[in-house]
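The listed protein sequences correspond, in order, to chains F and B. With our numbering applied, the first sequence covers 246 to 464. With our numbering applied, the second sequence covers 13 to 849.
Among the hints, erroneous ones may be present.
Counterexamples of contact, computed for chain F against chain B with all Cβ distances above 12 Å [as the list claims (entries may be wrong)]:
{"id": "1", "residue": "Leu378"}
{"id": "2", "residue": "Glu418"}
{"id": "3", "residue": "Leu430"}
{"id": "4", "residue": "Ala449"}
{"id": "5", "residue": "Gln459"}
Simulated restraints, written as ranges between beta carbons of each label pair [unchecked claim]:
{"id": "6", "chain 1": "B", "residue 1": "Phe811", "chain 2": "F", "residue 2": "Lys402", "range": "51 to 61 Å"}
{"id": "7", "chain 1": "F", "residue 1": "Lys402", "chain 2": "B", "residue 2": "Leu408", "range": "50 to 60 Å"}
{"id": "8", "chain 1": "B", "residue 1": "Ile785", "chain 2": "F", "residue 2": "Arg432", "range": "48 to 58 Å"}
{"id": "9", "chain 1": "F", "residue 1": "Lys402", "chain 2": "B", "residue 2": "Ile741", "range": "37 to 47 Å"}
{"id": "10", "chain 1": "B", "residue 1": "Leu21", "chain 2": "F", "residue 2": "Asp452", "range": "50 to 60 Å"}
{"id": "11", "chain 1": "F", "residue 1": "Lys402", "chain 2": "B", "residue 2": "Thr834", "range": "22 to 32 Å"}
{"id": "12", "chain 1": "B", "residue 1": "Ile785", "chain 2": "F", "residue 2": "Asp416", "range": "45 to 55 Å"}
{"id": "13", "chain 1": "F", "residue 1": "Gln459", "chain 2": "B", "residue 2": "Leu408", "range": "55 to 65 Å"}
{"id": "14", "chain 1": "B", "residue 1": "Phe417", "chain 2": "F", "residue 2": "Asp416", "range": "54 to 64 Å"}
{"id": "15", "chain 1": "F", "residue 1": "Gln459", "chain 2": "B", "residue 2": "Tyr453", "range": "53 to 63 Å"}
{"id": "16", "chain 1": "F", "residue 1": "Ser464", "chain 2": "B", "residue 2": "Thr834", "range": "34 to 44 Å"}
The set of hints was computed from the structure by calculation and includes no laboratory data. All C-beta atoms, glycine included, are put in the ideal place defined by N, C-alpha and C.
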Amino acid sequence: MIEVINLHKSFKTKQSSLEILKGLSFKVEKGQIIAITGHSGSGKSTLLGLLSGLDKPSSGQVLYNQKDIFSMPFKEQNIFRAQNVSLIFQNYYLIPHLTAVENVMLPLQILKLKNAEKEARFLLDEVGLSHRLDHYPGELSGGECQRVAIARGLVTKPLVLLADEPTGSLDSETGEKVMSLYFQLVRKHNLTSVIVTHNEELAAKCDHELKLHQGIIHS
Amino acid sequence: MKFILSYSLKKFWRKKIQILTTSFFLCLGFWGWLLSESTQTSIKQRLENNARKILSADLTIDVRREFTNEELILFKQEVQDKGVISESYEFFAMMTTSTESRLVQVRVIDDLYPFYGTIKLEQGQSIQQLKGPEIWAYSEFKDLMNLKINEKVKLGSAELNVSDFITEDQTQTFRLASLAPRIFIHIDNLKKTELIQFGSTFSSIQLVKLNPDIDVIQLSDQLKKVLKDPGIDVTTYKSLPDDLSGPTQRLSDFLGLTSLVSLLFCSLSLFYLLQIWSSEQQKEKAALAVFGMPTYHIQLIEFIQSILIAILSTALSTLLVIISTPVVESSIREWFATDFTFVVTFKEVSIILVCQFILLGVLTFPYERSNSPLSRLIKDEMISNQKGIKFFLPLLLLIWPFAIFASRSWKNGSFFFLAILSICSALILIGWLLLKILKAYHWKNWMMSYATKSLSRQTTASWAFIVTVGVCSALLNLMPQIQSSLQSMMSLDQNKSTPSIFMFDIQQEQYENVLSFLKDRKIEPQATSPLIRGRILKINNLPFEREEKTGTFVTREEENEAQIKNRSINLTYRNKFQSGDKIVEGETFSLTYDKSQKYPYISIEKSYAERLELSIDDVLTFDVQGIEVQGQIKNIREVRWSRFEPNFFILFQDGILNEAPQTHLAALPALDSKQKSELMKSISQKFANVSLIDVERLIRDIVQNLNRVSGALKLMTSLSFITGLLALIFLLSSESLRRAQEVHLLKILGSQINQILKTRIAEVFLLSSISLIIGLGASYIISYFIVDQIFKVGYSPVFSTAVQITGIVLFIGLFIVKVMTTSSYKKNSFVFLKKEE
Ligand SMILES: Nc1ncnc2c1ncn2[C@@H]1O[C@H](COP(=O)(O)OP(=O)(O)O)[C@@H](O)[C@H]1O
Ligand SMILES: [Mg+2]
Numbered sequence: 246m247i248e249v250i251n252l253h254k255s256f257k258t259k260q261s262s263l264e265i266l267k268g269l270s271f272k273v274e275k276g277q278i279i280a281i282t283g284h285s286g287s288g289k290s291t292l293l294g295l296l297s298g299l300d301k302p303s304s305g306q307v308l309y310n311q312k313d314i315f316s317m318p319f320k321e322q323n324i325f326r327a328q329n330v331s332l333i334f335q336n337y338y339l340i341p342h343l344t345a346v347e348n349v350m351l352p353l354q355i356l357k358l359k360n361a362e363k364e365a366r367f368l369l370d371e372v373g374l375s376h377r378l379d380h381y382p383g384e385l386s387g388g389e390c391q392r393v394a395i396a397r398g399l400v401t402k403p404l405v406l407l408a409d410e411p412t413g414s415l416d417s418e419t420g421e422k423v424m425s426l427y428f429q430l431v432r433k434h435n436l437t438s439v440i441v442t443h444n445e446e447l448a449a450k451c452d453h454e455l456k457l458h459q460g461i462i463h464s
Numbered sequence: 013m014k015f016i017l018s019y020s021l022k023k024f025w026r027k028k029i030q031i032l033t034t035s036f037f038l039c040l041g042f043w044g045w046l047l048s049e050s051t052q053t054s055i056k057q058r059l060e061n062n063a064r065k066i067l068s069a070d071l072t073i074d075v076r077r078e079f080t081n082e083e084l085i086l087f088k089q090e091v092q093d094k095g096v097i098s099e100s101y102e103f104f105a106m107m108t109t110s111t112e113s114r115l116v117q118v119r120v121i122d123d124l125y126p127f128y129g130t131i132k133l134e135q136g137q138s139i140q141q142l143k144g145p146e147i148w149a150y151s152e153f154k155d156l157m158n159l160k161i162n163e164k165v166k167l168g169s170a171e172l173n174v175s176d177f178i179t180e181d182q183t184q185t186f187r188l189a190s191l192a193p194r195i196f197i198h199i200d201n202l203k204k205t206e207l208i209q210f211g212s213t214f215s216s217i218q219l220v221k222l223n224p225d226i227d228v229i230q231l232s233d234q235l236k237k238v239l240k241d242p243g244i245d246v247t248t249y250k251s252l253p254d255d256l257s258g259p260t261q262r263l264s265d266f267l268g269l270t271s272l273v274s275l276l277f278c279s280l281s282l283f284y285l286l287q288i289w290s291s292e293q294q295k296e297k298a299a300l301a302v303f304g305m306p307t308y309h310i311q312l313i314e315f316i317q318s319i320l321i322a323i324l325s326t327a328l329s330t331l332l333v334i335i336s337t338p339v340v341e342s343s344i345r346e347w348f349a350t351d352f353t354f355v356v357t358f359k360e361v362s363i364i365l366v367c368q369f370i371l372l373g374v375l376t377f378p379y380e381r382s383n384s385p386l387s388r389l390i391k392d393e394m395i396s397n398q399k400g401i402k403f404f405l406p407l408l409l410l411i412w413p414f415a416i417f418a419s420r421s422w423k424n425g426s427f428f429f430l431a432i433l434s435i436c437s438a439l440i441l442i443g444w445l446l447l448k449i450l451k452a453y454h455w456k457n458w459m460m461s462y463a464t465k466s467l468s469r470q471t472t473a474s475w476a477f478i479v480t481v482g483v484c485s486a487l488l489n490l491m492p493q494i495q496s497s498l499q500s501m502m503s504l505d506q507n508k509s510t511p512s513i514f515m516f517d518i519q520q521e522q523y524e525n526v527l528s529f530l531k532d533r534k535i536e537p538q539a540t541s542p543l544i545r546g547r548i549l550k551i552n553n554l555p556f557e558r559e560e561k562t563g564t565f566v567t568r569e570e571e572n573e574a575q576i577k578n579r580s581i582n583l584t585y586r587n588k589f590q591s592g593d594k595i596v597e598g599e600t601f602s603l604t605y606d607k608s609q610k611y612p613y614i615s616i617e618k619s620y621a622e623r624l625e626l627s628i629d630d631v632l633t634f635d636v637q638g639i640e641v642q643g644q645i646k647n648i649r650e651v652r653w654s655r656f657e658p659n660f661f662i663l664f665q666d667g668i669l670n671e672a673p674q675t676h677l678a679a680l681p682a683l684d685s686k687q688k689s690e691l692m693k694s695i696s697q698k699f700a701n702v703s704l705i706d707v708e709r710l711i712r713d714i715v716q717n718l719n720r721v722s723g724a725l726k727l728m729t730s731l732s733f734i735t736g737l738l739a740l741i742f743l744l745s746s747e748s749l750r751r752a753q754e755v756h757l758l759k760i761l762g763s764q765i766n767q768i769l770k771t772r773i774a775e776v777f778l779l780s781s782i783s784l785i786i787g788l789g790a791s792y793i794i795s796y797f798i799v800d801q802i803f804k805v806g807y808s809p810v811f812s813t814a815v816q817i818t819g820i821v822l823f824i825g826l827f828i829v830k831v832m833t834t835s836s837y838k839k840n841s842f843v844f845l846k847k848e849e
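If we strip away everything but chain F, and leave its shape as in the complex, we get:
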């Protein structure tokens, strides 16, 4: 499904260039849930940014079903991502002036897909928020916000779900609840997922754990 080949990423700072990823190669099979762990600053978010195609590597490739996303033109890549890859953030990033259901509908509307509202309601029901449809993010708890974000990630029926520390802003109990829902839904929809976390318990629940240390993967 996803194939990472010899991925390098370095940041140029004022004085020197800082190499964060020093040639990563790994594969994620369809339906697998992979955890990427490592201590803070090890480059996990950077890697996720590259996997989503939002960031560009210094060198190397990321293939989705044998297709290199970095060789696609900007616009095509954008559409490819919107249709196939969903992102979930530590800070949820819901749009504050849209209600829960409107937030979930938004990606479908953007992609001009039909039945946006019906799909959105259905997914919010799946994440257990059918009673909070018309609430604004400001009126929801952190866990509820993250569940809305998950619903928004799933609504476009993507192939891949990328999550960057999805429980980072939640207390451990809520985090656990949200993640068990997450696993349940990913399995149900037969999605491929990469979760960045430093939570060992969460990582243990995944099919596979990749440890990122000093720019190199240790599996």
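Position chain B with the ligands relative to chain F; hints supplied.
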């Protein structure tokens, strides 16, 4: 305490960009304000210097008789340590040469005359050289009486030698009665003429040049109190009426207004800036509270920051102003050809500082502590900016005192404040309604629905935008309207050529002869009027009293009133209204007196009526050469002074004053210079007593002055225009920056740049349209009132400016949104979203 200070300082350093922006806008506002303050001062000084020259003193007292010894002692007691006194007389007398004789105006002077202004002489003598039995005469007498140097003339009983001709007399003014050509004699020769005796008409004048630190108004008030006879006129250079002072006063008002407007632009941008800032700080404040910092400490931190911002940006902007001063100063000097100094005094700096403190204080005031729980503040929200419209109230309230301060008038300042207030209310009310409707509408297109939702739910940002753009466009359009109206007032009447010669003192019995004389030469006078001297004794049977004003803060209304009271006035009667008259209040009446009327009707000039607070149906009692004459005001008339027609404040019905002792005056149309010179010669030969004045040169001076004045008008209008545009650009780009995160999110969700642009453009377009329609509409209404009520001139609106402003606002708005959104879109979204705000 130490921690609080170092914390504030650190934070302060991190916000340097914002502080620079703040300073920049402050600087602009400061600039506009200083510029108009200084221009106002310089214009005022110019007027005062002119007045000093005309008066040739700081203060004069005059009476139509000799001063009594008692009066002179009282006068000298008051003035003694305050300045120098010079003595003078003025009267009309017959001057006879070997061949001709005619009535001339005589000015009797002493060694000290004139205190101000110069008198230029053909032979290059100085005024101190007028000593012996000699006269100086206006060079017009060369034509009028064939007068030559060293010719002997007889004046009263004295024989005097013509020792020089006067080519320029700055002590003369464009005022009807004082336009006659003059001769000067020394006071030592006055006795010999034996002209001043019991029964003869003359004015005794005492002139005073004051030491620099003496308050002339205070002294004049004191003199009015001490010198009981209301026949004694006390005139100061500050109270001297001048034909240019009307339009110049209005210009001064206008400059006050432009400075207000540009200040308002700047404070709007400042306000917006600080608001974004303060909402950014909410989270941090909450965090500090969570860490256990007492609330008052948090407020102290904010307060310290505010002080730091205020001080630093005031310092920066003051510095900028000082650096740029020489350039502005020299260009304005060139423009006005006058001493123009651009002073940044402690007063200005402290006013700016205080205003800022108030503004910042208001902004950092914890409005919503109770209803915003900490948890909500800590929670991540992309845009946490929901304070609503009440946030604008303090700014509005701040405008009021400032408007009064800047315009030096309660009425004008409050009017301006009310205008701004009503624009804001209209914007908010209609904007609110429209957004409600738009939101309720079920949009098929998600972009439109997204745009309307975003607008109606991000209230503060939307209101800030609507109010700022609305007020900006209203003000941008307001200035050109007023400018155009003022300018059309100042421009000369195109349909009618300006007169070339004024004829005065045409005696009643020679009037018909003069007319037929002119008719023989195919010259039709542009206007003729009888002139009767009088003085107001009573208004509605209450004695018309001398006004006494004390105190230093004198508003415009009070100044005018003091100026006009107790002056003798020229009356006229006429059987038809002139083409330049426009009746603005009351009814037209038959200009022929009907015996059945209780009182004769009179028509009063508008500004005069306002200054004396006269209204329709008031009954005035005049003293006309010792006889009481009454008249009832039937209408108030507006006179276009730019026609340079002989105008009168008070116009009687025909049939009342006809028998009173009177003279006539006539304005002759444009003539070429040869024709003019010949005509003057022949008139003076035929009608020796008639005074002739070549008014062309005087009018040319006035026109030149007016051109300078309208130059200033344009300068100030463009300044406020530029400030407004900068405020708009700033507002739009900071709004776009604030919403960059949203762009990235939409991008990740799959939006094409076009879709994002469409939603943003729809938002900006909707908001701009609301603001433009209301703002521009309001600007026409308000400018009508300002022009009509404050400047008191005819309203002549321009509509091209509204079109231009619409174009500019939409262009700037859409351009900035497009550029900013596109550049955000192209940036690395992941890095952007990862960044903790
Ligand atoms: N835009 C950037 N410029 C420079 N250095 C960066 C940038 N983004 C990340 N880094 C550096 O790369 C390293 C990895 O960052 P990140 O991937 O966010 O770590 P993690 O998510 O594992 O905590 C950090 O040391 C960080 O300082
Ligand atoms: Mg990270």
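Here is what the structure says about each hint:
1. Residue placement check: Leu378 (chain F) keeps its beta carbon more than 12 Å from all beta carbons of chain B (closest about 15 Å).
2. With 12 Å as the threshold on Cβ separation, the claim that Glu418 (chain F) sits away from chain B holds: the shortest Cβ distance comes to roughly 17 Å.
3. Residue placement check: Leu430 (chain F) keeps its beta carbon more than 12 Å from all beta carbons of chain B (closest about 19 Å).
4. At roughly 26 Å from the closest C-beta of chain B, the C-beta of Ala449 (chain F) stays outside 12 Å, upholding its exclusion from the interface.
5. Chain B leaves Gln459 (chain F) outside its interface by the beta-carbon criterion, the shortest separation being 21 Å against a cut-off of 12 Å.
6. For Phe811 (chain B) and Lys402 (chain F), the hinted distance range of 51 to 61 Å is satisfied, since their beta carbons lie about 56 Å from each other.
7. For Lys402 (chain F) and Leu408 (chain B), the hinted distance range of 50 to 60 Å is satisfied, since their beta carbons lie about 52 Å from each other.
8. Evaluation of the 48 to 58 Å hint for Ile785 (chain B) and Arg432 (chain F) yields a pass: the beta carbon distance comes to about 56 Å.
9. For the pair Lys402 (chain F) and Ile741 (chain B), the supplied restraint of 37 to 47 Å holds, since their beta-carbon distance comes to about 44 Å.
10. One distance hint, 50 to 60 Å for the beta-carbon pair Leu21 (chain B) and Asp452 (chain F), holds here, with the actual separation near 52 Å.
11. Remark: the range hint 22 to 32 Å for Lys402 (chain F) to Thr834 (chain B) is upheld by a beta-carbon distance near 30 Å.
12. Separation of Ile785 (chain B) from Asp416 (chain F) is about 51 Å and conforms to the stated range, judged on CB atoms against 45 to 55 Å.
13. Taken as a hint, the range 55 to 65 Å holds for the pair Gln459 (chain F) and Leu408 (chain B), whose Cβ atoms sit roughly 60 Å apart.
14. Judged by the Cβ atoms, the range 54 to 64 Å given for Phe417 (chain B) and Asp416 (chain F) holds: they are separated by roughly 56 Å.
15. As the Cβ distance of Gln459 (chain F) to Tyr453 (chain B) is approximately 57 Å, the hint placing it in 53 to 63 Å holds.
16. In this structure the hint that Ser464 (chain F) and Thr834 (chain B) lie 34 to 44 Å apart at CB holds, the actual value being about 42 Å.
Every hint from the earlier list agrees with this structure, and none is contradicted.
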